[in-house]
Amino acid sequence: MDRRVVYLDNNGTTRMADEVISFMHENDDLYGNASSMHTLGREAAAGIEWARNEVASLIDAEPEGIYFTSGASESNNTVLNIFRDVADRGDKRSRIVTTEIEHPATIETVRYLRKKGYRIDLCPVDSIGRIKLDELEALVDDDTALVSVMTGNNESGTIQPVKEAAAIAHKHGAYFHTDATQAIGKIPVSVKDIGADYLSLSAHKFYGPKGIGVLYAKPSVPLSPFVHGGHQEKGMRAGTYNNQAILGLGKAAELARENLEEEHRKLWQMRTALRKGIEERIPDVIFNGSDDESLCLPGTLNVSFPRAEGESILLYLDFEGIEVSTGSACATGSLEPSYVLLASGLDVELAHGSVRFSFGRYNTMDDVEYVLEKLPPIIEKVRSMSTRRV
Amino acid sequence: MADSFMAQWVYTDTVKDHFINPRNLWKDGEDFKADGIGEVGSLACGDQMRVGITVKDGRISDIRWLTYGCASAIASTSMMSEMAKGMTLEEAYHLTPAMITDKLGGLPEHKFHCSVLGDKALRAAIDDYLLRNNMENPYKGTTAKIICECKGVTDHMIEDLVKSGKVSNFEELQKETGAATACGKCRMKIMEELNECLHIYGK
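Residue numbers (the working numbering), protein chains in the order written: chain Z, 1 to 390; chain Y, 1 to 203.
No lab work stands behind these hints, which were simulated from the structure alone.
Any given hint could turn out to be false.
Below, a list of computed lysine-lysine pairs in the DSSO-like style, where the Cα atoms sit at most 30 Å apart [unchecked claim]:
1) Lys234/Z / Lys92/Z
2) Lys33/Y / Lys381/Z
3) Lys56/Y / Lys103/Y
4) Lys33/Y / Lys85/Y
5) Lys189/Y / Lys116/Z
6) Lys16/Y / Lys381/Z
7) Lys185/Y / Lys163/Y
8) Lys27/Y / Lys374/Z
9) Lys381/Z / Lys145/Y
10) Lys115/Z / Lys189/Y
11) Lys163/Y / Lys145/Y
12) Lys171/Z / Lys116/Z
13) Lys16/Y / Lys374/Z
14) Lys116/Z / Lys185/Y
15) Lys381/Z / Lys151/Y
16) Lys103/Y / Lys381/Z
Construct all of the structure, not just a fragment, from the sequences and the given hints.
Shown next as structure tokens:
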């Protein structure tokens, strides 16, 4: 297995950090049920509280606001469910405002709620995929219970004006949730600075284990149990604690906090080099999202190759050991290309022909060179086969 | 469970082979004088295909193709081109997606529609060849399948109506053909066929 693998799908998921793996192994005798009173139980509980504190300091939050979940999908579902309960109680404030570019864990859930008769509105985005604050302002009113805007988008990498969005929500008396899954570990995320009442995150996006995440809920905001059946997490989320995963999340949070600046610098450097190289070596390309360092998650580069179809590009790259993702419908299993790119006004063909490169801590500048060597002939090949060739 | 999950994403070795080394590709600048050209698909669905054929003694003597599409589209058109070469026009006209995907060793279910384009483009090229030479088209209609038995509506009728822009939704199709207005048991099948055509020929 000396096939070279260049993993550039870090927005999809990340490889666990070596430090996280060792830490989880070092603690594999921590098997006690953290709800038990005996010594092993108390030790497990102490480990879990340590992890809770680590996550809390990563997002600048109160530890008592941290609830462990199976990941951001569950966290997002939970927040929407809380406000479904609010609407069910007959509260005049029952409308949920979110955006056209949220992760499916939010978009699919609000579509389901809308079908059930709940009032949902989606805020549109501009050409770089950033929400239009004036449209948000117009959508949020005294009947709005919740505003949910992601911190940074997984496909375009575009960073959202969450602080401003939170201010709009609060001005009208609504609560504010942000899905920070993609931003954690890449840019500073502070619930206090944003003014977030709720926040979702997943450990596996920043070198932690899969299947573990967090819902942050500011003490005193509405909450209803997300999983019934036990007193864990103050009765909000039943189920025996997944000790090792929670410890892994804690370790990943610690690393993310310590390495944030270095991580940002390194990812942005690789992204910039890849963008420059593609621009120089491949004719006729369109870069999606923003190239402004303050508006783009540092490791994300989304490119459209006119006249070339994304899934073909992805698979030819895969044969060379380069792992990326595409907005093409072919790769999603649906017949529609990326709704995120379409929302920013991108032409259908360009959405089908989009490729996302996402860097992580284990990538190097050598990887960038390797991609720049393999990519141009692949694009040329796909374009030469195309009915759209010029 | 593992099977259905894997099947979604894994291609057979034959598919991979045709994807990496596509046969009969219409190379840029190549001096290929087609006797007939057919094009189907739309960019809206991310698949578009063009097929060119030369005809000698009633058989397809050579074939070239281009596609804007995914791996399955590339592989299935490549396979189709190998199968069609040497066939009589009648045989080629009756190539079906199932015959192509069988030869490929199967395609993931949601990829099946990609290969539906290859045979359609080939038929369009044969139609074009016959039209260019003022020859009668004895095949048109012979591959049609009746979907609505009560009203005698075939898949080709639906395809033609969508292609010509006369029909863009179910209500218009019912008005135009009466499909699924009698017993109604074909309703789902009619809708499936209509959606497939709308998808291929654009809305």
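Verification of the hints:
Distance check on the hinted pair: Lys234/Z and Lys92/Z sit about 28 Å apart at the alpha-carbon level, within 30 Å; holds. Proposed proximity of Lys33/Y and Lys381/Z is supported: the alpha carbons are some 22 Å apart, at most 30 Å. A hinted pair counts as satisfied when its Cα atoms are at most 30 Å apart, and Lys56/Y with Lys103/Y qualifies at roughly 25 Å. About 16 Å separates the Cα atoms of Lys33/Y and Lys85/Y, which keeps this hinted pair within 30 Å; it holds.
Using a Cα cut-off of 30 Å, the hinted pair Lys189/Y and Lys116/Z holds, with the two alpha carbons roughly 28 Å apart. The straight-line distance between the Cα atoms of Lys16/Y and Lys381/Z is roughly 15 Å, inside the 30 Å bound, and the hint therefore holds. Restraint check for Lys185/Y and Lys163/Y: the C-alpha separation of about 25 Å stays at or below 30 Å, so the hint holds. The straight-line distance between the Cα atoms of Lys27/Y and Lys374/Z is roughly 21 Å, inside the 30 Å bound, and the hint therefore holds.
Restraint check: the Cα-Cα separation between Lys381/Z and Lys145/Y comes to about 38 Å, which exceeds 30 Å; the hinted pair is violated. For the hint linking Lys115/Z to Lys189/Y, the alpha-carbon distance of about 25 Å falls within 30 Å, and the restraint holds. A distance of roughly 17 Å separates the Cα atoms of Lys163/Y and Lys145/Y; the hinted pair therefore holds under the 30 Å criterion. About 28 Å separates the Cα atoms of Lys171/Z and Lys116/Z, which keeps this hinted pair within 30 Å; it holds.
The straight-line distance between the Cα atoms of Lys16/Y and Lys374/Z is roughly 18 Å, inside the 30 Å bound, and the hint therefore holds. A distance of roughly 29 Å separates the Cα atoms of Lys116/Z and Lys185/Y; the hinted pair therefore holds under the 30 Å criterion. With a CA separation close to 48 Å, the supplied pair Lys381/Z and Lys151/Y exceeds the 30 Å bound. A threshold of 30 Å between alpha carbons decides the hint, and for Lys103/Y with Lys381/Z the separation of about 25 Å falls inside it, so the pair holds.
Checked against the numbered hints given earlier, the structure breaks hints 9 and 15 and satisfies all the rest.
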